[in-house]
Amino acid sequence: MAEQNTIPPGTLYMLVLKTLARVGPMHGYGIAQFIQETSEGVLEVEEGSLYPALQRMLLKGWVEADWRQTENNRRARYYTMTAEGRKTLRSEVQSFDKVTRAIAAIIHPAEA
Amino acid sequence: MSHLRELWRRIGYFRNRERLERELAEEMQFHADQKASRAGRVQFGNTTLHREDARAVWIPRLLDETGTDIRYALRGLAKSPGFAAIAIGTLALGIGAGTAIFSLAEAVLVRPLPYPDAASLLLIYEGHETQRRPRGDTSPGTYRALRDDMRTVENLAVFGATERNLTGDGEPERVSAGVASANFFQTVGVQPLLGRLLLSGDDELGRNNVVVLTHALWQRRYAGDPKIIGREIRLGEELYTVIGVLPERFVFLNDRHVLWLPLALPPERWAHRDSRYVFAVGRMRAGVTLDQVQSELAGLAQRYRAEHPVAHAHLKMQAVPAHERLAESSRTAMQFLLAAVVALLLIACSNVANLLLARSVARESELAVRAALGAGRGRLVRQLLTEALVLAIASGLCGLGIAYGAFQLLQPLVPGGMAVFTRLEINGHVVGIMLALAVFSTVVSGLLPSLRAARPVTSREIGGRWHETARGALVVTEVALAILLLTGAGLLFRTFSNLRNVDPGFQPRGLLSAQIGVDPRLIRDPVRRTQLYNETLERVKAIPGVQNATFATAIPSTWKGGISSFTPEGQPFQPNFSIAMVRLSTPGYFETLGLRLRAGRWLTADDHAGGQPVVVINRALAERIWKGENPVGKRLQRGNGQSDRPWVTVVGVVEDVYEMGLNASPYPITYFPESQQPEATFAAPMTVVLRTVDDPARYANSLRHAIWQANAGQVISKLLTVEEILAEETAELRIHAAISGSFALLALLLACLGIYGVLAYVVTQRRREFGVRLALGATQAQVVGLVAWRGVRLALMGISIGAAASLLLGRYLETLLFQVKPNDPLTLAGVAGALLITAFVACLVPARRAMHIDPGQALRYY
Chain C
1 MAEQNTIPPG TLYMLVLKTL ARVGPMHGYG IAQFIQETSE GVLEVEEGSL YPALQRMLLK
61 GWVEADWRQT ENNRRARYYT MTAEGRKTLR SEVQSFDKVT RAIAAIIHPA EA
Chain S
1 MSHLRELWRR IGYFRNRERL ERELAEEMQF HADQKASRAG RVQFGNTTLH REDARAVWIP
61 RLLDETGTDI RYALRGLAKS PGFAAIAIGT LALGIGAGTA IFSLAEAVLV RPLPYPDAAS
121 LLLIYEGHET QRRPRGDTSP GTYRALRDDM RTVENLAVFG ATERNLTGDG EPERVSAGVA
181 SANFFQTVGV QPLLGRLLLS GDDELGRNNV VVLTHALWQR RYAGDPKIIG REIRLGEELY
241 TVIGVLPERF VFLNDRHVLW LPLALPPERW AHRDSRYVFA VGRMRAGVTL DQVQSELAGL
301 AQRYRAEHPV AHAHLKMQAV PAHERLAESS RTAMQFLLAA VVALLLIACS NVANLLLARS
361 VARESELAVR AALGAGRGRL VRQLLTEALV LAIASGLCGL GIAYGAFQLL QPLVPGGMAV
421 FTRLEINGHV VGIMLALAVF STVVSGLLPS LRAARPVTSR EIGGRWHETA RGALVVTEVA
481 LAILLLTGAG LLFRTFSNLR NVDPGFQPRG LLSAQIGVDP RLIRDPVRRT QLYNETLERV
541 KAIPGVQNAT FATAIPSTWK GGISSFTPEG QPFQPNFSIA MVRLSTPGYF ETLGLRLRAG
601 RWLTADDHAG GQPVVVINRA LAERIWKGEN PVGKRLQRGN GQSDRPWVTV VGVVEDVYEM
661 GLNASPYPIT YFPESQQPEA TFAAPMTVVL RTVDDPARYA NSLRHAIWQA NAGQVISKLL
721 TVEEILAEET AELRIHAAIS GSFALLALLL ACLGIYGVLA YVVTQRRREF GVRLALGATQ
781 AQVVGLVAWR GVRLALMGIS IGAAASLLLG RYLETLLFQV KPNDPLTLAG VAGALLITAF
841 VACLVPARRA MHIDPGQALR YY
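Chains C and S, in that order, are what the protein sequence lines are.
Under my numbering, the first residue of the first sequence carries the number 1, and numbering increases by one thereafter.
Under my numbering, the first residue of the second sequence carries the number 1, and numbering increases by one thereafter.
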């Protein structure tokens, strides 16, 4: 397993939103799994940060939640992205790209 | 917009928080289960912490934790009901008393009067230039001049007081009435309940027979008749048309007025500057300060003195805000009560702090566990402060009950002119004051114990010394404050008893008095008037048990009767100095009241209308005008020396009578035979006074019948024994003394409880040490001495600090005291002695316990 890293502050919302954009409605555990697998184990999402983040996103109206059955017949709370969430994701990704490019330009001057 | 939605969701979350909490738990359980089944093992983690973190998103953590703390505090209090009862009881007394006194002070000193823009309402007084606070009335002439001259004050109006016989529609009665210029009600800013108030034109002679009724009179005498407007009522000889009714809560300075009449004067009297019987009231102009008004008045006074050297010699004028005028008489007393109640509250808080400290020892292990589980120092302090707050709020709620009860006692302390609109009752202000005091108590009583709890555990184990020092300091503070309170109360008690024992200059015991309204026709007919008085007196004197009787304009010690200026023969007239109270009486006044003659003779039946005009003066007047001379045989004239009134010869000097209330210094008085003062307008109503051999109250009915036999249908009022009237003078002081006395006793009790608590703790802590001492041969007396000395030492420290503070602060009490100095050694010594004795008794109980320690027992259980 690759070395695990904490998720940079502020990017967790974006990761959760992007996950929901890609896989559709999903429960908390699934979101955490998806992020971990897609990042090839680099990013591990702790419950301690995931659930507060989800609660905050519910409050902000970026996601909605409802209870559904999982494939193995357990009750789980599924999160769905709202229009508001889509808008947020777009602007978050934009500013993320901008910042990453800026950082890259400093760190790897030759490639710029 | 999105913020609004977020707020809306938050509220929804708060309302459904239990369901959400369940859902969150289930969701996280699901997460854990998934993880476990995947990893093939159960993961242990602080799931509670994670859940708390997630929940913190929708409920602010502070709120959440405070809720928990409150639950803990309630649980803790329920577990030790004894502690709870004592702590809540102690604080409730402090907060209750505090709430009551603070509410009283707020109602009297702070709450604005119920007039629009009340702060700009000013009264303008005249006085002698040597006076610091002139409060004298002004003349119609001066009022007119001020109205035209003043730039800083607008809408200047004028008002005064009078009395009238109200007849028709039921029993005739003597009523007090306000008289006012037409613009008075506009200036004060009051709207009529019915009809209209005075308007310009009402104060023109010939059109002035109009009257405005107060709500009280309208209800009482006219049963609230809605068609009262336009009706005619009879005042004395004349008919007046009712033009309006005032709202229920309207009172302006004098709460005895039941109706208002226009002040209508003939033009020449509007020019008079030296007959003072009215007051000026106006509005401070916007943007003007009180200082500007005062300096304008000072300038005008200077001008008037130059323009009218006789009428305005030594003139000083001062503007006084209406609120200040009403509250100034009670300000010092209120401030004293406030200081006393703060001291009491501090003592109560110290006691509770002491209790909390003792309790925190018992909770040592609980707090250690909390700290070990990760509670930070701030978190522990917050928890303990919350506990103190719960205690204080519970006490405050009980205290509201105490305040409610105390309001009955305190209501008479609201000055008369405010009482109508200042009822003491539980309202938002009072609850606010209670909460403020509760928070104050929380901080004062809870801070020390909380700080102690926040110290690291290790230093706490060896911190017994810190603990004892802290508790000792609290006790010393308590004792010092108790000394302050006891000294204050002691001084007031001495003042009270001095006043009760003061020689009033006459003998009030056995005297009965009643006021009778005199028909105005009689006032203008001195012969028939004297005849009626003599006839009445004969019948009164015929009552078995009545020794003597007299008619007079007033009894001594009541602030009644006219004040008149006079000019002594051969001396210049000095306004505001050559003034004396005028007292008219039939012969027998001095004998009946028991006044003492210093020189000359009494007034007798020979001083009749046709005889040589004579006067008897009191000692204060003699010393003011003829210091070092024999006044008997000297002459004086009423008025400013310009009048054509007769010169009157002084025939006697009587001992002073405490006139303006017992507390004030004697006022100059002139006693005239009523038969020689034919045109005295203040001869009505007259007071009949009789001296009886036993309890004067028993003669009330006989007196009434005797008066009615002489003159059927006579209006009789204020039938009281003179002792009752005098008791009224000291009533307010009695309440002050009672309040501060009970505060002081409470303080004494609490301080001793504090000493007891500390010593009891010491004995428990040093049980083994005492056991060792006893085992090694210390006598029981030595152990008792050891413990008792500790307590006595604390008491002595407190007493010296308190005594020093009393000496420093005593001078603020000076104006409340009578014939006792603020640093009165007797009071201070008595107070210190009383405290030392009670403190010693409080020491003995724990000391006895120390004495009976069984060394074997004490040493066995280590």
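Wrong hints could be hidden among the right ones.
[Unchecked claim] Computed spacing ranges between beta-carbons, pair by pair:
| no. | chain 1 | residue 1 | chain 2 | residue 2 | range |
| --- | --- | --- | --- | --- | --- |
| 1 | S | N16 | C | H108 | 49 to 59 Å |
| 2 | C | V99 | S | L7 | 51 to 61 Å |
| 3 | C | K87 | S | D33 | 27 to 37 Å |
| 4 | S | E366 | C | H108 | 20 to 30 Å |
| 5 | S | E52 | C | E71 | 23 to 33 Å |
[To be verified] Taking beta-carbon pairs under 8 Å as the criterion, some of the chain S residues facing chain C (in silico):
| no. | residue |
| --- | --- |
| 6 | I11 |
| 7 | F14 |
| 8 | R22 |
| 9 | Q29 |
| 10 | Q34 |
| 11 | D53 |
No lab work stands behind these hints, which were simulated from the structure alone.
Since the model is a prediction, treat every value here as computed from it, not as a measurement.
Every residue gets a Cβ at the ideal spot worked out from N, C-alpha and C, and that includes glycine.
Violations among the numbered hints: Violated hints (numbers, rising): 2, 4, 6, 7, 8, 9; every other hint is consistent with the structure.
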